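Chemist: Listed below, chain by chain, are the residues.
2 protein chains.
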Amino acid sequence: MKISIVGIGLLGGSLALQAREKGLAGRIIGVDASDANAAKALQLGIVDEIATLEEAVHDTDLIVLATPVDVITHLLSHVLDIVPEGKVVMDLGSTKEIICRAVQDHPRRRQYVATHPIAGTENSGPEAAFSGLLKRKIMILCDQEKSSNTALNTVVSLSQSLEMRLSFMNSVEHDLHLAWVSHLSHISSFALGVTVLEKEKDERSIFDMAGSGFSSTVRLAKSSPDMWAPIFTQNTQNISRALDAYIRRLQDFKSVIDSQDEARSRELMNQANEIRRVLQGIDHKLGSL
Amino acid sequence: MKISIVGIGLLGGSLALQAREKGLAGRIIGVDASDANAAKALQLGIVDEIATLEEAVHDTDLIVLATPVDVITHLLSHVLDIVPEGKVVMDLGSTKEIICRAVQDHPRRRQYVATHPIAGTENSGPEAAFSGLLKRKIMILCDQEKSSNTALNTVVSLSQSLEMRLSFMNSVEHDLHLAWVSHLSHISSFALGVTVLEKEKDERSIFDMAGSGFSSTVRLAKSSPDMWAPIFTQNTQNISRALDAYIRRLQDFKSVIDSQDEARSRELMNQANEIRRVLQGIDHKLGSL
Numbered sequence: 197m198k199i200s201i202v203g204i205g206l207l208g209g210s211l212a213l214q215a216r217e218k219g220l221a222g223r224i225i226g227v228d229a230s231d232a233n234a235a236k237a238l239q240l241g242i243v244d245e246i247a248t249l250e251e252a253v254h255d256t257d258l259i260v261l262a263t264p265v266d267v268i269t270h271l272l273s274h275v276l277d278i279v280p281e282g283k284v285v286m287d288l289g290s291t292k293e294i295i296c297r298a299v300q301d302h303p304r305r306r307q308y309v310a311t312h313p314i315a316g317t318e319n320s321g322p323e324a325a326f327s328g329l330l331k332r333k334i335m336i337l338c339d340q341e342k343s344s345n346t347a348l349n350t351v352v353s354l355s356q357s358l359e360m361r362l363s364f365m366n367s368v369e370h371d372l373h374l375a376w377v378s379h380l381s382h383i384s385s386f387a388l389g390v391t392v393l394e395k396e397k398d399e400r401s402i403f404d405m406a407g408s409g410f411s412s413t414v415r416l417a418k419s420s421p422d423m424w425a426p427i428f429t430q431n432t433q434n435i436s437r438a439l440d441a442y443i444r445r446l447q448d449f450k451s452v453i454d455s456q457d458e459a460r461s462r463e464l465m466n467q468a469n470e471i472r473r474v475l476q477g478i479d480h481k482l483g484s485l
Numbered sequence: 197m198k199i200s201i202v203g204i205g206l207l208g209g210s211l212a213l214q215a216r217e218k219g220l221a222g223r224i225i226g227v228d229a230s231d232a233n234a235a236k237a238l239q240l241g242i243v244d245e246i247a248t249l250e251e252a253v254h255d256t257d258l259i260v261l262a263t264p265v266d267v268i269t270h271l272l273s274h275v276l277d278i279v280p281e282g283k284v285v286m287d288l289g290s291t292k293e294i295i296c297r298a299v300q301d302h303p304r305r306r307q308y309v310a311t312h313p314i315a316g317t318e319n320s321g322p323e324a325a326f327s328g329l330l331k332r333k334i335m336i337l338c339d340q341e342k343s344s345n346t347a348l349n350t351v352v353s354l355s356q357s358l359e360m361r362l363s364f365m366n367s368v369e370h371d372l373h374l375a376w377v378s379h380l381s382h383i384s385s386f387a388l389g390v391t392v393l394e395k396e397k398d399e400r401s402i403f404d405m406a407g408s409g410f411s412s413t414v415r416l417a418k419s420s421p422d423m424w425a426p427i428f429t430q431n432t433q434n435i436s437r438a439l440d441a442y443i444r445r446l447q448d449f450k451s452v453i454d455s456q457d458e459a460r461s462r463e464l465m466n467q468a469n470e471i472r473r474v475l476q477g478i479d480h481k482l483g484s485l
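Order-wise, the sequence lines are chains C and S. Counting from 1 along the first sequence, just add 196 to a position and that's the residue number in our numbering. Counting from 1 along the second sequence, just add 196 to a position and that's the residue number in our numbering.
It should be emphasised that the hints constitute simulated quantities derived from the structure, not laboratory data. You may find that some hints are simply not true.
Given that identical chains are not distinguished, each listed pair holds provided it fits within a single copy or across any two copies.
Below are the DSS-like pairs computed for lysine-lysine, each with C-alpha atoms no more than 30 Å apart in a straight line [what the hints assert, rightly or not]: (1) K218 with K198; (2) K450 with K418; (3) K481 with K397; (4) K218 with K236; (5) K198 with K418; (6) K236 with K397; (7) K450 with K331; (8) K218 with K481; (9) K331 with K418; (10) K418 with K481; (11) K397 with K198; (12) K450 with K218.
On a predicted model such as this, the values are computed, not experimentally measured, just so you know.
The task is simple: from the sequences and hints, build the whole structure.
Modeler: Structure, rendered in structure tokens:
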């Protein structure tokens with residue numbers, strides 16, 4: 197199979213590396229708006245050649261759109277306009293509702309599969325790609341009834357060969373859930389980073405005492421603004437509701453701390469401790485296929 | 197040297213294990229308000245024997261108070277009342293101002309060293325203790341001018357033998373800094389846990405899609421309420437200011453997201469990205485002595 201990766205960053209690059217390692221791709225073509233990124237990806241052996249989008253679409257069996265979600269939305273219609281019959285298009289975007297809606301009436305909609313691999317790190321660009329990133333992670337397939345069986349089978353087979361776990365889901369539900377378990381935690385981390393960095397202006401040695409707990413909580417603040425700004429725009433309402441709920445909870449914590457109400461603060465923390473169950477579930481999931 | 201550990205949990209237990217491994221302690225005596233914890237610590241080989249507080253204070257060279265901070269504040273005066281001359285008392289509490297103030301006029305104040313090891317995990321109890329926890333971590337010594345040279349040398353020598361990095365600091369400054377780089381990130385995580393667990397009541401499968409980013413951000417929500425409730429009470433003002441600043445920043449994020457102002461949201465995230473420098477510093481610090 198010949199695969200094209202459009203946007204050779206952390207996710208697209210990692211998919212390419214793993215597909216190659218598994219012997220799934222005879223040849224991998226890279227497309228990137230940045231010449232520097234393209235050259236880097238070539239040099240790192242992530243792709244075999246660089247092409248224009250049009251060349252790539254005509255020349256490959258599977259086109260993987262791995263750019264930020266605003267670019268995916270913009271490119272997808274164009275790619276479907278020019279994609280030859282029998283070829284398959286998928287995307288790796290972190291939002292699905294607006295992307296799916298953008299092509300809902302496209303005559304070649306059935307050649308497209310809307311997917312979202314739940315995988316990533318706080319790093320970005322081709323240098324951040326590594327072949328283990330997708331292994332054992334969840335591949336969400338949205339609105340699968342709108343894809344042809346051929347397209348679906350290509351993507352399912354790829355995902356299984358990459359040792360990913362499949363999960364089918366409605367695109368609207370996908371965006372709602374992701375707002376709470378991914379988009380919100382990124383914003384909580386971005387905001388924590390900004391807050392503490394601002395305090396550092398007055399208290400210069402503040403980070404001398406930061407330990408691994410702080411690192412863990414603020415790690416996602418390193419994430420790419422180019423990737424995240426369009427996610428916020430494509431999932432505004434769900435994220436806004438999640439943020440409201442989070443701010444309310446923080447205000448609850450502030451009020452029990454201000455009033456030194458230890459009984460109520462223990463109650464809130466006991467509630468939070470229930471996250472153990474969830475984290476065990478995630479560890480379990482990531483630890484075994 | 198004979199060491200007593202009062203409160204044989206994650207920190208006290210880990211200190212005991214490491215002191216034994218390094219051959220620093222001839223005998224380790226454990227004191228714990230919970231019989232179950234005490235029995236567990238004995239069974240796990242963390243301590244050699246269990247004693248009452250009074251027996252332990254009379255019988256050992258170094259008394260380490262490793263309970264929650266409210267209990268430390270309460271016990272410390274009593275321990276200083278009965279501690280024999282020449283023996284040394286230290287504590288491992290995450291707040292220092294109120295603890296130091298509680299004994300500022302005590303006639304045996306100089307036998308006490310106020311310390312805080314910047315180390316921990318989200319787990320608690322003797323089962324959570326492990327011998328590597330303190331290695332390469334920072335040991336903060338507060339208000340060292342109020343301790344005798346003998347007391348100071350005992351604690352410095354112990355810390356160095358445990359391969360910890362020493363840092364001297366005023367207790368008031370300690371509490372201010374910790375509010376921003378530790379207490380705030382714990383609350384951000386506790387609140388995130390509560391928020392998403394509440395959403396789960398309506399959306400039962402919400403966590404099916406949580407990945408390693410969510411885990412990392414919410415990990416501290418597993419922390420012990422018994423340990424944290426008294427920290428909030430002892431550092432109320434600093435934490436309250438930090439939380440105010442954090443909530444303001446989250447409201448900034450919410451407002452740029454609601455208005456889909458991508459330019460401003462990129463700006464905020466670019467600011468947050470500066471945390472890379474800080475995280476590299478922490479990694480570097482934890483990676484080398």
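Chemist: Out of the numbered hints, which ones does the structure contradict?
Modeler: 5, 6, 7, 11, 12
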